[in-house]
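Trainee: Put chain B on the given structure of chain A with help from the hints.
Line by line, the protein sequences give chains A and B.
Per full-length UniProt numbering, numbering through the first sequence is continuous, rising by one, with the last residue being 192.
Per full-length UniProt numbering, numbering through the second sequence is continuous, rising by one, with the last residue being 192.
Hints should not be assumed to be uniformly reliable.
One copy or any two copies: either way a pair holds, since identical chains are not told apart in the list.
Simulated crosslink set (BS3-like; lysine-lysine; CA at most 25 Å straight-line) [said to hold, decoys possible]:
1. LYS132 / LYS86
2. LYS163 / LYS86
3. LYS94 / LYS42
4. LYS124 / LYS111
Keep in mind that the hints were calculated from the coordinates and are not lab data.
There are 2 protein chains.
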Amino acid sequence: MKNRVITISREFGSGGRTIGRKVAERLGIPCYDSELIQEMEKQTGFAADYVKEAGEYAPGGFFSSALSTRMFGPTNEDILWSHQYKVITALAEKGPCVIVGRCADYILQDKADCLKVFIHADMKFRAERIVKEYGERDQSPEERLKDKDKRRAAYHRFYTDMKWGHAQNYHITLDSGALGIDKCVDILVPLF
Amino acid sequence: MKNRVITISREFGSGGRTIGRKVAERLGIPCYDSELIQEMEKQTGFAADYVKEAGEYAPGGFFSSALSTRMFGPTNEDILWSHQYKVITALAEKGPCVIVGRCADYILQDKADCLKVFIHADMKFRAERIVKEYGERDQSPEERLKDKDKRRAAYHRFYTDMKWGHAQNYHITLDSGALGIDKCVDILVPLF
Chain A
1 MKNRVITISR
11 EFGSGGRTIG
21 RKVAERLGIP
31 CYDSELIQEM
41 EKQTGFAADY
51 VKEAGEYAPG
61 GFFSSALSTR
71 MFGPTNEDIL
81 WSHQYKVITA
91 LAEKGPCVIV
101 GRCADYILQD
111 KADCLKVFIH
121 ADMKFRAERI
131 VKEYGERDQS
141 PEERLKDKDK
151 RRAAYHRFYT
161 DMKWGHAQNY
171 HITLDSGALG
181 IDKCVDILVP
191 LF
Chain B
1 MKNRVITISR
11 EFGSGGRTIG
21 RKVAERLGIP
31 CYDSELIQEM
41 EKQTGFAADY
51 VKEAGEYAPG
61 GFFSSALSTR
71 MFGPTNEDIL
81 WSHQYKVITA
91 LAEKGPCVIV
101 GRCADYILQD
111 KADCLKVFIH
121 ADMKFRAERI
131 VKEYGERDQS
141 PEERLKDKDK
151 RRAAYHRFYT
161 DMKWGHAQNY
171 HITLDSGALG
181 IDKCVDILVP
191 LF
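Isolated chain A (complex conformation) (with noise of 0.2 Å):
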């Protein structure tokens, strides 16, 4: 039998996050995602705000280009994803737990028995939560949440040829925003 593993994917500031940490807190099993990007920074000796960055985000602005441009060999984005990918089925095969992000749903298709989940609230409840969590910035939070949005769906679909976001690539899709972070919690527990 293969271990039962919860991948949660989620749009920037939807709680995806808190969410899985809650779900593994009360399921007394690990959360990997910063550990997960230590575990990586570790392996590939990228630094650790290029690797959480590269690892999930489709590069913006003048190289937004370089992911379909493979004339020279292999990018910095595939060797991290090749890495990725081996850290991702290492800490699925160690025993039962949850991972936020990465591609993990898709990494760990044929691999374990994943409950794969997806988070998503609305421009109002993200917009008011990454303020809250990460502090103001130049460019508007819904500035900013659409840049992460475009960019997280990019590089799933460039990496996983999976629709982001689409509900037929999730066991179940929650809106956190209407739902609450603890009623998501709530669902997702007996789940496992």
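Mentor: Quick look at chain B alone, frame taken from chain A:
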């Protein structure tokens, strides 16, 4: 306070209608589906079979362009849509209920306190279910499902401008094949 209504959109064969009925039964509230069709039939004068088909699916084959052709004024589909709109609004005003399909999520978006649900399942689960439920046909169950899915999505897009099956349109989406019909009911009942 607006009435609380559960709207269930679903892929053909996913068991969304069964889930709707079971949820309504557990909550002691009405579930509108074939009852709704009959109600509309009375009001429109259209035959029941036509209402059932044209109130949810884009026309196929030779008439597939009918939805986008408005040269000769409103089509039968448009007239049916406006009746559907009135009937669903009236049902939601009458009291708490479950409404399965027929774009009720869109119609009621400002008129009721809706829990918007989408039920889906993989091809294998749905193919087995439709053969069991509706019997064999000349067309393979997979072809029947693909045709139904395509036309239901086209109908939804035309009248609602919403992407059918996109997680962001719903408060909760459930894979009835992976989770099981009864588990879906268990998840939904406490959310009412």
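Trainee: State for each hint whether it applies.
Mentor: Results for each hint:
1. Taking the shortest alpha-carbon separations for LYS132 and LYS86, neither the intra-copy value of 34 Å nor the inter-copy value of 42 Å comes in at or below 25 Å.
2. Proximity of LYS163 and LYS86 under a CA criterion of 25 Å is satisfied intra-copy only: 23 Å inside one chain copy versus 35 Å between copies.
3. With identical chains, the CA atoms of LYS94 and LYS42 are at most 25 Å apart within one copy only, with a shortest distance of 18 Å there and 61 Å across copies.
4. With identical chains, the CA atoms of LYS124 and LYS111 are at most 25 Å apart between copies only, with a shortest distance of 21 Å across copies and 37 Å within one.
Hint check: a violation occurs at hint 1 only; the rest are consistent with the structure.
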